[in-house]
Amino acid sequence: MSASPDVLWEIAWRFASLSLLAIGGINALLPEIHRVAVDMEGWMTSAEFADLFALAQLAPGPNAMVISLLGWKVAGIAGAFVATIAACGPSSLLCFFAMRGLERMRNGKTRAVLQRALAPVAIGLILASGYTLARAADRSPGALLLTVAATAAIAFTRVNPVWILAAAAAAGVAGVA
Amino acid sequence: MTRADPPTGSRGEISRRELFASFLKIGLLGFGGVMPLARRVLVDERRLLTDREFAEMIGMCQVLPGPNVVNLSVILGARWQGPVGSLLALTGILFVPVIAVLVLATFYASIAHAPVARSAIGAASAAAAGLILGTAFRLLTGARPPMRGLLLGVAVFVAVGVLQAPLLWVLAVAVPLGVALEWWASR
Chain G
24 MSASPDVLWE
34 IAWRFASLSL
44 LAIGGINALL
54 PEIHRVAVDM
64 EGWMTSAEFA
74 DLFALAQLAP
84 GPNAMVISLL
94 GWKVAGIAGA
104 FVATIAACGP
114 SSLLCFFAMR
124 GLERMRNGKT
134 RAVLQRALAP
144 VAIGLILASG
154 YTLARAADRS
164 PGALLLTVAA
174 TAAIAFTRVN
184 PVWILAAAAA
194 AGVAGVA
Chain H
4 MTRADPPTGS
14 RGEISRRELF
24 ASFLKIGLLG
34 FGGVMPLARR
44 VLVDERRLLT
54 DREFAEMIGM
64 CQVLPGPNVV
74 NLSVILGARW
84 QGPVGSLLAL
94 TGILFVPVIA
104 VLVLATFYAS
114 IAHAPVARSA
124 IGAASAAAAG
134 LILGTAFRLL
144 TGARPPMRGL
154 LLGVAVFVAV
164 GVLQAPLLWV
174 LAVAVPLGVA
184 LEWWASR
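Going down the list, the sequences are from chains G and H.
In my numbering, each number is its position in the first sequence, counted from 1, plus 23.
In my numbering, each number is its position in the second sequence, counted from 1, plus 3.
Don't take every hint at face value.
Said to hold, decoys possible - Using 20 Å as the maximum straight-line C-alpha spacing, the simulated SDA-like pairs for lysine to any residue come out as follows:
(1) Lys28/H <-> Ile61/H
(2) Lys132/G <-> Pro148/H
(3) Lys28/H <-> Ala103/H
(4) Lys28/H <-> Met38/H
(5) Lys132/G <-> Ile61/H
(6) Lys132/G <-> Val182/H
(7) Lys28/H <-> Pro83/G
(8) Lys28/H <-> Arg49/H
(9) Lys132/G <-> Ala103/H
(10) Lys28/H <-> Val185/G
(11) Lys132/G <-> Arg190/H
Treat the hints as calculated values from the structure; they're not laboratory data.
So that you can see chain G by itself, here it is in the shape it has in the complex (with noise of 0.2 Å):
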């Protein structure tokens, strides 16, 4: 896995060109991501992409960890960091750039607008980072069950998703999925 100059320029500039469209955060990436490291350079198999992404909700750190454990992926410790800093470096020089304008307008009804207008944009991608998972992991009857049933543990329980994920690796390891 060592990592050339070349495959860390690919992933530079694969994923600071997507910075700007995470509209919703990393989790509403994912398709696009998938798209782009699985089918387009081959970097991984669909299977791996969705362990490196269970594995990056199993450590600490905020969502953006999953494109850590991509770069790491494809091209070791240097892949990880170049592709931290090239996914969120464009947009946080943008935020920088632009929180001024937006404390203006903090009550105003642009802001409520533009807000108004992402959120049904944000959740119809987040939904199909899920149905991207979902298709990319084990696809057995079990794994469906698991789906499934952590679906419903998020969106009705308050309980941690770390525990969910562990009980589903303890489900997988009886032989659940």
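Since the structure of chain G is already known, use the hints to place chain H on it.
Frame of chain G; chain H shown alone:
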């Protein structure tokens, strides 16, 4: 670069050390979603923001692309300590957790081929898909978008999730359309 006015109901000047320590704590202890922990650390424990300010910040982050909590770090870091503050907050919330994730990844790589680990990880990844689906459900019931928003959301889901259309094109249509619909509805 001058700093924005200190937020009301909180300490005026927050030291770089405290800024970094706060975001480091959020980054390293935030298992399963960092936003609830961010609220607890910034509002309840350290009283750097009021509840209302925190909610406003989140609203602001939601109209910007990028991970909400990363944007929150940029904004609060800049507000309290300028550009250096943003970098400190980002380091705490992003780059230190990356190291933790890499330790986990190395462990994963060493066990990934064992059959037991395979079953565990496969099952966890099936459940992880459910985490996102459940989150989408919660966001949907929380936002309660009107019919026009609902249709837009479904269209985005179908285009990106089912048809696997490139995100840029979908957003180039959906965002202006959404803004136009809401702007027209708010007149």
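Here's how the hints hold up against the structure:
Annotation: proposed proximity of Lys28/H to Ile61/H holds, straight-line Cα distance about 19 Å (limit 20 Å). Annotation: proposed proximity of Lys132/G to Pro148/H holds, straight-line Cα distance about 17 Å (limit 20 Å). Distance hint between Lys28/H and Ala103/H is fulfilled; the C-alpha atoms sit about 13 Å from each other, no more than 20 Å. Restraint check for Lys28/H and Met38/H: the C-alpha separation of about 12 Å stays at or below 20 Å, so the hint holds.
Straight-line distance between C-alpha atoms of Lys132/G and Ile61/H comes to about 17 Å, which keeps the hinted pair within the 20 Å bound. In summary, the hint linking Lys132/G to Val182/H is supported, as the alpha carbons are separated by about 12 Å, within the 20 Å threshold. Proposed proximity of Lys28/H and Pro83/G is supported: the alpha carbons are some 10 Å apart, at most 20 Å. A threshold of 20 Å between alpha carbons decides the hint, and for Lys28/H with Arg49/H the separation of about 11 Å falls inside it, so the pair holds.
For the suggested pair Lys132/G and Ala103/H, the alpha carbons sit about 42 Å apart, so the restraint of at most 20 Å is broken. For the given pair, Lys28/H sits about 18 Å from Val185/G by alpha-carbon distance, which is consistent with the 20 Å threshold. With a CA separation close to 10 Å, the supplied pair Lys132/G and Arg190/H stays within the 20 Å bound.
When held up to the earlier numbered hints, the structure conflicts with hint 9 and nothing else.
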